[in-house]
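Participant: One-letter residues, chain by chain:
There are 2 protein chains.
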Amino acid sequence: MKISNTPTIRRMPTYLHRLFRLRMSGQEWVSCADLAQYMGIPHIMVRKDIAMTGLPGNRRHGFKVVDLIDAILRLLGWDKASSATLIGAGSLGAALLGFDDFQSYNFRIESVFDSSPDKIGRVIHGHEIFDLADIRKRLKLAPPKVGIICVPAVGAQLVADILISLGIKYIWNFSNVCLNVPPGVIVQREVIAGGLAVLFAKINKAESGDTDPVEE
Amino acid sequence: MKISNTPTIRRMPTYLHRLFRLRMSGQEWVSCADLAQYMGIPHIMVRKDIAMTGLPGNRRHGFKVVDLIDAILRLLGWDKASSATLIGAGSLGAALLGFDDFQSYNFRIESVFDSSPDKIGRVIHGHEIFDLADIRKRLKLAPPKVGIICVPAVGAQLVADILISLGIKYIWNFSNVCLNVPPGVIVQREVIAGGLAVLFAKINKAESGDTDPVEE
Numbered sequence: 068m069k070i071s072n073t074p075t076i077r078r079m080p081t082y083l084h085r086l087f088r089l090r091m092s093g094q095e096w097v098s099c100a101d102l103a104q105y106m107g108i109p110h111i112m113v114r115k116d117i118a119m120t121g122l123p124g125n126r127r128h129g130f131k132v133v134d135l136i137d138a139i140l141r142l143l144g145w146d147k148a149s150s151a152t153l154i155g156a157g158s159l160g161a162a163l164l165g166f167d168d169f170q171s172y173n174f175r176i177e178s179v180f181d182s183s184p185d186k187i188g189r190v191i192h193g194h195e196i197f198d199l200a201d202i203r204k205r206l207k208l209a210p211p212k213v214g215i216i217c218v219p220a221v222g223a224q225l226v227a228d229i230l231i232s233l234g235i236k237y238i239w240n241f242s243n244v245c246l247n248v249p250p251g252v253i254v255q256r257e258v259i260a261g262g263l264a265v266l267f268a269k270i271n272k273a274e275s276g277d278t279d280p281v282e283e
Numbered sequence: 068m069k070i071s072n073t074p075t076i077r078r079m080p081t082y083l084h085r086l087f088r089l090r091m092s093g094q095e096w097v098s099c100a101d102l103a104q105y106m107g108i109p110h111i112m113v114r115k116d117i118a119m120t121g122l123p124g125n126r127r128h129g130f131k132v133v134d135l136i137d138a139i140l141r142l143l144g145w146d147k148a149s150s151a152t153l154i155g156a157g158s159l160g161a162a163l164l165g166f167d168d169f170q171s172y173n174f175r176i177e178s179v180f181d182s183s184p185d186k187i188g189r190v191i192h193g194h195e196i197f198d199l200a201d202i203r204k205r206l207k208l209a210p211p212k213v214g215i216i217c218v219p220a221v222g223a224q225l226v227a228d229i230l231i232s233l234g235i236k237y238i239w240n241f242s243n244v245c246l247n248v249p250p251g252v253i254v255q256r257e258v259i260a261g262g263l264a265v266l267f268a269k270i271n272k273a274e275s276g277d278t279d280p281v282e283e
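Those protein sequence lines, which keep their order, are chains A and B. Just so we're aligned, residue 68 is where the first sequence starts under the working numbering, counting upward by one. Just so we're aligned, residue 68 is where the second sequence starts under the working numbering, counting upward by one.
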């Protein structure tokens, strides 16, 4: 299974979000046109994205909602449960803890750490904040699959080093810095300003009269 | 100027972040190899990205840091000042208000609105939170260029409609829903889970022994 097209991968959670709602409303089938209209992207883009899942469609009805959900979850490896620890319970960390969809991805943030005395012991969206100084003691027996780094840039490398020393190989990095990691460790860095750059690319094109769309 | 490659556009703020630091440390020149090492991506990818700016490099020294900063800012339209209003001062909104780099992009969040009585009047990262009910009164004479929507999904369409009625044509949407907007309005939707999908695509590839990199 070859998925190297990043914009396609990035769109998958949006399809899922829509499909979960359709399932909840009792809708059995969905067409590419439906999804294209919801997302405001060309029909052909949706068709290509869904083709990545390998799910065969029905010529008349489109795709079965539950089958398409399963196919996307499988494509992303979200059919299996994954655990994570989150470091840094500031505003961004709190936003992630409040993100409802993770549950549908079988992705569970099972521990949260911070080093600030006014955060330790507090509960955010049902998660107790533990002292970062205890992280080794708490995680060494069963380290989670993914480490989520939401600390300020200055502390991010140190946190990454700790996570890696605990055997965590996959890092979702929200700090505003690129991390140095050994081979075999995979980092996905989120750059909030990346989206702003894409927005401005779209604006610049529109204002220059270029109607060729910028892909999401 | 044709920029339709979204991964390239998304990387530009990361180059900028690095280049600002180099400039601050007094470094005059930077090579593609430097930037590639910092970001952990292939050298050739950096070379192609920078080629988008049209800036000619020096065979021996690479690129002048200050010139490359200017070229990227110009490419993104960030050489000109832009203003924004942010709606929804929850944890995600607060995280955006604390994001230092916007200033370097000449991008200024000049007003913040919320409808929650316990947020109105508070100050977050130097921004006073205004009552959403007053938005028309406050913005009608000089609507900002960009509206940033950080409200929960259920209120997002209403907020978008208000912004559009005020003449705001560009929307950076952090709510977990796709917006219905009239032609001419440009929306950039941020999907936090999009990055998690990309992380898992990388993980799945690595665990299946596929060494072909997933592009950022």
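What the hints contain is simulated information worked out from the structure, not anything from laboratory work. Any given hint could turn out to be false.
[What the hints assert, rightly or not] Partial chain A-side listing against chain B, Cβ under 8 Å, derived: (1) 82; (2) 143; (3) 170; (4) 253; (5) 265.
[As the list claims (entries may be wrong)] Using C-beta positions, here's what the derived DEER-type ranges look like: (6) A/134 to B/150: 26 to 34 Å; (7) A/93 to B/90: 30 to 38 Å; (8) B/88 to A/173: 48 to 56 Å; (9) A/221 to B/177: 41 to 49 Å; (10) A/111 to B/122: 33 to 41 Å; (11) A/127 to B/148: 52 to 60 Å; (12) A/276 to B/131: 39 to 47 Å; (13) A/137 to B/125: 52 to 60 Å; (14) B/175 to A/91: 23 to 31 Å; (15) B/131 to A/203: 41 to 49 Å; (16) B/122 to A/91: 32 to 40 Å; (17) B/148 to A/203: 45 to 53 Å.
Source: prediction; values computed, not measured. Think of the CB as a built atom: it goes at the ideal place given N, C-alpha and C, for glycine as much as any other residue.
Participant: What hints, given by number in increasing order, does this structure fail?
Facilitator: Per hint list: 1, 3, 6, 7, 8, 9, 12, 14, 16 violated.
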